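Work the whole structure out from these sequences, hints included.
Protein chains: 2
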Amino acid sequence: MSLILMKRIAQEAKDASARLSCLSADDRNAAIRGMAKQIASDADAILTANRLDMRDAERAGLNAAMLGRLRLDEKKIEAMVRGLETIAKLPDPLGRELEKIVRPNGLHIKKISVPLGVLLIIYESRPNVTADCAGLCVKSGNAVILRGGREAARSNAAIHDSIATALKKRGIAPAAVSFVESTDRKDVEHLLALSGEIDVVIPRGGPSLMKTVSAKSKIPVLKHLDGICHTFVDRDADLAMAVRICENAKAQNPGVCNAMETLLVDKPVAAKFLPFLAQRMKARGVELRGCAETQKILKGIKAASEKDWSTEYLDLILSVRVVNGVEAAVEHIRKYGSKHSDAIVSENASTRTRFSKAVDSACVFENCSTRFNDGGEFGMGAEMGISTDKLHARGPVGLRELTTYQYIVSGHGQIRE
Amino acid sequence: MSLILMKRIAQEAKDASARLSCLSADDRNAAIRGMAKQIASDADAILTANRLDMRDAERAGLNAAMLGRLRLDEKKIEAMVRGLETIAKLPDPLGRELEKIVRPNGLHIKKISVPLGVLLIIYESRPNVTADCAGLCVKSGNAVILRGGREAARSNAAIHDSIATALKKRGIAPAAVSFVESTDRKDVEHLLALSGEIDVVIPRGGPSLMKTVSAKSKIPVLKHLDGICHTFVDRDADLAMAVRICENAKAQNPGVCNAMETLLVDKPVAAKFLPFLAQRMKARGVELRGCAETQKILKGIKAASEKDWSTEYLDLILSVRVVNGVEAAVEHIRKYGSKHSDAIVSENASTRTRFSKAVDSACVFENCSTRFNDGGEFGMGAEMGISTDKLHARGPVGLRELTTYQYIVSGHGQIRE
Numbered sequence: 001m002s003l004i005l006m007k008r009i010a011q012e013a014k015d016a017s018a019r020l021s022c023l024s025a026d027d028r029n030a031a032i033r034g035m036a037k038q039i040a041s042d043a044d045a046i047l048t049a050n051r052l053d054m055r056d057a058e059r060a061g062l063n064a065a066m067l068g069r070l071r072l073d074e075k076k077i078e079a080m081v082r083g084l085e086t087i088a089k090l091p092d093p094l095g096r097e098l099e100k101i102v103r104p105n106g107l108h109i110k111k112i113s114v115p116l117g118v119l120l121i122i123y124e125s126r127p128n129v130t131a132d133c134a135g136l137c138v139k140s141g142n143a144v145i146l147r148g149g150r151e152a153a154r155s156n157a158a159i160h161d162s163i164a165t166a167l168k169k170r171g172i173a174p175a176a177v178s179f180v181e182s183t184d185r186k187d188v189e190h191l192l193a194l195s196g197e198i199d200v201v202i203p204r205g206g207p208s209l210m211k212t213v214s215a216k217s218k219i220p221v222l223k224h225l226d227g228i229c230h231t232f233v234d235r236d237a238d239l240a241m242a243v244r245i246c247e248n249a250k251a252q253n254p255g256v257c258n259a260m261e262t263l264l265v266d267k268p269v270a271a272k273f274l275p276f277l278a279q280r281m282k283a284r285g286v287e288l289r290g291c292a293e294t295q296k297i298l299k300g301i302k303a304a305s306e307k308d309w310s311t312e313y314l315d316l317i318l319s320v321r322v323v324n325g326v327e328a329a330v331e332h333i334r335k336y337g338s339k340h341s342d343a344i345v346s347e348n349a350s351t352r353t354r355f356s357k358a359v360d361s362a363c364v365f366e367n368c369s370t371r372f373n374d375g376g377e378f379g380m381g382a383e384m385g386i387s388t389d390k391l392h393a394r395g396p397v398g399l400r401e402l403t404t405y406q407y408i409v410s411g412h413g414q415i416r417e
Numbered sequence: 418m419s420l421i422l423m424k425r426i427a428q429e430a431k432d433a434s435a436r437l438s439c440l441s442a443d444d445r446n447a448a449i450r451g452m453a454k455q456i457a458s459d460a461d462a463i464l465t466a467n468r469l470d471m472r473d474a475e476r477a478g479l480n481a482a483m484l485g486r487l488r489l490d491e492k493k494i495e496a497m498v499r500g501l502e503t504i505a506k507l508p509d510p511l512g513r514e515l516e517k518i519v520r521p522n523g524l525h526i527k528k529i530s531v532p533l534g535v536l537l538i539i540y541e542s543r544p545n546v547t548a549d550c551a552g553l554c555v556k557s558g559n560a561v562i563l564r565g566g567r568e569a570a571r572s573n574a575a576i577h578d579s580i581a582t583a584l585k586k587r588g589i590a591p592a593a594v595s596f597v598e599s600t601d602r603k604d605v606e607h608l609l610a611l612s613g614e615i616d617v618v619i620p621r622g623g624p625s626l627m628k629t630v631s632a633k634s635k636i637p638v639l640k641h642l643d644g645i646c647h648t649f650v651d652r653d654a655d656l657a658m659a660v661r662i663c664e665n666a667k668a669q670n671p672g673v674c675n676a677m678e679t680l681l682v683d684k685p686v687a688a689k690f691l692p693f694l695a696q697r698m699k700a701r702g703v704e705l706r707g708c709a710e711t712q713k714i715l716k717g718i719k720a721a722s723e724k725d726w727s728t729e730y731l732d733l734i735l736s737v738r739v740v741n742g743v744e745a746a747v748e749h750i751r752k753y754g755s756k757h758s759d760a761i762v763s764e765n766a767s768t769r770t771r772f773s774k775a776v777d778s779a780c781v782f783e784n785c786s787t788r789f790n791d792g793g794e795f796g797m798g799a800e801m802g803i804s805t806d807k808l809h810a811r812g813p814v815g816l817r818e819l820t821t822y823q824y825i826v827s828g829h830g831q832i833r834e
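First to last, the protein sequences are chains Z and Y. Using the working numbering, you'd call the opening residue of the first sequence number 1 and step up by one each time. Using the working numbering, you'd call the opening residue of the second sequence number 418 and step up by one each time.
The reader is advised that the hints may include incorrect statements.
Taking lysine to aspartate or glutamate pairs in the DMTMM-like style, the calculated list, with each CA pair at most 25 Å apart, reads [what the hints assert, rightly or not]: (1) Lys527/Y to Glu383/Z; (2) Lys218/Z to Glu606/Y; (3) Lys216/Z to Asp604/Y; (4) Lys110/Z to Glu606/Y; (5) Lys111/Z to Glu606/Y; (6) Lys506/Y to Glu99/Z; (7) Lys218/Z to Glu729/Y; (8) Lys424/Y to Glu331/Z; (9) Lys684/Y to Asp655/Y; (10) Lys335/Z to Asp226/Z; (11) Lys168/Z to Glu744/Y; (12) Lys216/Z to Glu606/Y; (13) Lys111/Z to Glu764/Y; (14) Lys216/Z to Asp161/Z; (15) Lys517/Y to Asp374/Z; (16) Lys517/Y to Glu181/Z; (17) Lys100/Z to Glu800/Y; (18) Lys7/Z to Glu723/Y; (19) Lys100/Z to Glu764/Y; (20) Lys111/Z to Glu723/Y.
Short derived list, chain Y residues pointing at chain Z, Cβ under 10 Å [stated by the list, open to error]: (21) Cys439; (22) Leu524; (23) Asp616; (24) Arg771; (25) Gly796; (26) Thr821.
Anything over 12 Å on all C-beta distances counts as not near chain Y; from chain Z, calculated [as the list claims (entries may be wrong)]: (27) Leu3; (28) Met66; (29) Ala283.
Hint data in this document are derived by calculation from the structure and do not stem from the laboratory. It should be emphasised that the depicted structure is a prediction, and the values quoted were computed from it without experimental measurement. The beta-carbon is built from N, C-alpha and C at its ideal position, and this holds for glycine as well.
In structure tokens form, the structure reads like this:
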């Protein structure tokens with residue numbers, strides 16, 4: 001029964017995607033502005049729905065961080081509305097001519113950016129993701145099936161109601177942005193099997209969601225996994241700059257994927273740099289865990305275990321290791337890193353190049369903080385997440401990364417000999 | 418035991434990939450030319466191994482087509498050698514600056530093409546694929562694990578011996594091009610689970626191989642599925658051109674994925690066009706299967722069943738359907754097609770554009786044959802296959818499609834506020 005329902009939702013999304021992909025940029029932008037307007041005028045209904053979700057969440061004993069993510073207020077609704085208006089203003093990611101080839105036989109080959117088709121987005125507690133994803137998908141010409149978390153069910157449904165109303169007003173099939181009301185896990189499994197209807201799955205949430213989706217999906221997945229991010233302070237580093245960068249990468253917002261988790265210090269500067277660093281980290285409340293060499297310099301700190309090197313703390317904890325030279329730093333990162341964001345601080349250009357070439361990460365930062373791995377900081381305007389995949393998209397996933405390409409080959413009767 | 422062996426092969430490939438990605442283009446090209454030279458000088462050993470494979474294959478009763486693909490002779494070895502020399506001459510796919518952004522805070526962001534890492538290629542009977550894949554992978558800086566078919570085991574091993582010798586002579590770890598001697602299917606399953614070591618799987622073979630690999634793989638798969646390719650002859654078509662294109666798309670090489678399987682004819686020109694077409698198809702030995710409308714015009718031809726519309730014949734059979742207008746043609750293709758290669762023949766530019774925008778295929782052909790969906794015909798020089806995926810690569814997979822990108826962000830001490 002629920003399989004049939006999921007299949008129908010997916011089929012309707014597929015049909016809607018065919019029409020959506022043919023809309024002009026003006027029509028898509030008008031639809032997004034309409035969504036913003038409708039959400040603003042439906043604010044009361046959305047806040048009422050959210051209060052019910054909050055009541056249940058409090059009763060269920062959700063922790064403060066989760067409640068904070070779930071809670072909506074007028075300011076957050078305003079931010080949602082502004083977010084949609086910003087998306088409407090961004091350049092059109094569709095129809096870009098990525099390449100043009102003229103062949104000796106007179107064929108003209110154009111490589112054009114086109115929508116991916118139908119996206120399935122599975123996300124967790126924050127209800128503003130509903131509006132954000134709807135905006136990004138309509139902008140990029142993709143139909144989307146949204147499947148939010150159980151605890152935000154009423155808030156998401158209310159926001160989706162506004163979106164559906166806005167689409168209908170513009171004559172767009174509401175199936176272009178579908179919402180799965182069911183919070184049954186079985187239904188997610190049903191959806192993940194519909195590779196004939198759904199083109200790409202994007203999970204947005206914690207590691208356990210990523211793992212479940214990757215394991216069960218018959219559809220290609222665009223995912224972001226852990227960010228085990230490193231900063232390597234080279235022997236030729238400007239040490240004052242290095243301390244500033246490390247402090248920022250670790251402590252400015254420790255709970256996010258592009259925060260630094262491990263510091264690697266080059267042996268010749270370790271004795272000078274580490275006490276300097278420890279002082280600043282202490283002031284920021286950061287616990288240090290060090291290798292044997294680090295412990296010799298910073299007396300009394302805890303030992304880092306093998307497990308520390310591959311842990312994403314997402315907390316005010318930093319593991320520290322002394323390594324001898326850039327090659328040893330690269331070796332550590334290739335062994336323990338997650339190919340997300342890794343930085344080098346060095347005044348030596350050739351060392352920086354050696355590091356960047358050999359470190360196999362989506363983003364390498366030279367003399368700046370790993371915290372810059374972010375769609376907004378890259379000037380993309382809006383992002384869906386940070387991909388740690390190698391196929392398709394790496395790093396920030398913005399509007400362009402929600403497109404694929406199509407070859408249009410034009411001739412005048414050419415046949416193959 | 419075999420899991421441990423597979424894991425070791427994959428780990429060694431991963432280590433080799435780190436070094437391979439740092440080699441200059443000259444070094445990679447020299448290695449490929451060395452492989453060509455070594456294969457040429459080892460021709461006798463390779464032919465001897467192939468004779469043993471052929472003997473067993475004949476005894477096992479393989480059909481003529483399979484034997485043809487398996488058989489090597491001096492000419493085929495020469496073609497392999499020339500193929501490698503051609504790859505060495507192609508432009509370097511690595512280190513291309515795909516984008517450059519300067520941010521208001523002074524950060525310089527470069528998007529650079531880099532290798533994917535470690536590829537696992539699982540292929541079927543043709544032993545020349547061994548040399549071809551090795552060349553494409555070394556050129557694109559990727560380490561590769563080759564797993565060929567059981568029937569070509571000795572031929573593949575002999576070709577791989579030459580490759581390994583050539584790599585060693587240039588000081589490159591032979592693990593950069595690894596070869597799995599085992600033909601045990603369990604070992605493939607072991608490899609498909611090693612997502613920590615292997616970055617991408619590329620199956621090259623028939624539909625059953627594709628399905629098995631997609632179902633079992635924990636690693637992202639770059640695959641080519643069926644080519645259910647259509648040609649739509651519009652009411653505004655040049656009918657003489659249309660016949661020529663259809664004949665080529667169907668009959669020039671019917672056993673390949675970009676051959677036409679279904680012809681869609683616009684109602685107003687059906688009565689005029691179909692008899693003309695039938696005559697030419699008869700001359701080429703093509704069996705026609707038609708919808709009711711087609712059968713009214715072409716008396717005595719077989720009826721096309723629902724199943725025909727979604728069948729990749731790979732044979733001299735063509736299903737024919739009369740549709741009313743471009744929208745109906747698009748609807749048929751979206752329902753039954755495989756998003757591979759679809760063509761329109763029309764002198765009407767706006768009809769062509771409507772078709773191309775709405776047909777969700779990797780390659781759309783306007784007034785030319787679907788048979789042009791091919792890396793060589795696109796000027797790529799060499800190809801790994803034709804992707805029907807939407808993530809990462811669509812259409813021909815050449816050297817560029819064997820790369821991903823990395824962001825290099827350069828600063829002078831910037832931190833995030």
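Going through the hints against the structure:
This hinted pair checks out: lysine 527/Y and glutamate 383/Z have alpha carbons roughly 18 Å apart, not beyond 25 Å. A C-alpha spacing of about 17 Å is found between lysine 218/Z and glutamate 606/Y, which places the hinted pair at or below 25 Å, so the restraint holds. For a cut-off of 25 Å, the pair hint linking lysine 216/Z to aspartate 604/Y stands: about 22 Å separates their Cα positions. A C-alpha spacing of about 39 Å is found between lysine 110/Z and glutamate 606/Y, which places the hinted pair above 25 Å, so the restraint is violated.
A C-alpha spacing of about 36 Å is found between lysine 111/Z and glutamate 606/Y, which places the hinted pair above 25 Å, so the restraint is violated. Between the alpha carbons of lysine 506/Y and glutamate 99/Z the distance comes to roughly 22 Å, so the proposed pair stays at or under 25 Å and holds. A C-alpha spacing of about 22 Å is found between lysine 218/Z and glutamate 729/Y, which places the hinted pair at or below 25 Å, so the restraint holds. Note on lysine 424/Y and glutamate 331/Z: the hinted pairing holds, with a Cα-Cα distance of about 19 Å set against a maximum of 25 Å.
A C-alpha spacing of about 15 Å is found between lysine 684/Y and aspartate 655/Y, which places the hinted pair at or below 25 Å, so the restraint holds. Note on lysine 335/Z and aspartate 226/Z: the hinted pairing holds, with a Cα-Cα distance of about 14 Å set against a maximum of 25 Å. At roughly 23 Å between alpha-carbon atoms, lysine 168/Z and glutamate 744/Y fall within 25 Å of each other, so this suggested pair holds. Under the criterion of a C-alpha separation no larger than 25 Å, the hint pairing lysine 216/Z with glutamate 606/Y is consistent with the structure, at around 17 Å.
Annotation: proposed proximity of lysine 111/Z to glutamate 764/Y holds, straight-line Cα distance about 22 Å (limit 25 Å). Note on lysine 216/Z and aspartate 161/Z: the hinted pairing is violated, with a Cα-Cα distance of about 29 Å set against a maximum of 25 Å. Between lysine 517/Y and aspartate 374/Z, the direct Cα distance comes to roughly 16 Å. Compliance with the 25 Å bound is thereby established for this hinted pair. At roughly 43 Å between alpha-carbon atoms, lysine 517/Y and glutamate 181/Z are farther apart than 25 Å, so this suggested pair is violated.
Taking the CA atoms of lysine 100/Z and glutamate 800/Y, the gap is about 19 Å. The hint holds against a cut of 25 Å. At most 25 Å may separate the alpha-carbon atoms for a hinted pair to count; lysine 7/Z and glutamate 723/Y meet this at roughly 21 Å. A threshold of 25 Å between alpha carbons decides the hint, and for lysine 100/Z with glutamate 764/Y the separation of about 22 Å falls inside it, so the pair holds. Pair hint lysine 111/Z plus glutamate 723/Y does not hold up; C-alpha atoms about 33 Å apart against a cutoff of 25 Å.
Satisfaction of the interface hint for cysteine 439/Y is found here, the shortest Cβ-Cβ separation to chain Z being roughly 5 Å, below the 10 Å cut-off. Proximity of leucine 524/Y to chain Z holds as hinted, the smallest CB-CB distance being about 6 Å (cut-off 10 Å). The closest approach between the C-beta of aspartate 616/Y and any C-beta of chain Z is roughly 5 Å, which is under the 10 Å cut-off, so the hint is satisfied. For arginine 771/Y, the suggested interface contact is upheld, since its CB lies about 8 Å from the closest CB of chain Z, less than 10 Å.
With its C-beta approaching chain Z no nearer than about 6 Å, glycine 796/Y sits inside the 10 Å limit, and its interface hint holds. Interface hint status for threonine 821/Y: upheld, as the beta-carbon distance to the closest one in chain Z is roughly 5 Å, under 10 Å. Distance check on leucine 3/Z: its Cβ is at least 19 Å (rounded) from any Cβ of chain Y, clearing the 12 Å threshold; non-interface status holds. At the 12 Å boundary, the C-beta of methionine 66/Z stays outside the reach of chain Y, the nearest C-beta of that chain being 25 Å off.
No beta-carbon of chain Y is positioned within 12 Å of the beta-carbon of alanine 283/Z; the least distance is around 16 Å.
Taken one by one, the earlier hints fail for this structure at numbers 4, 5, 14, 16 and 20, listed in ascending order.
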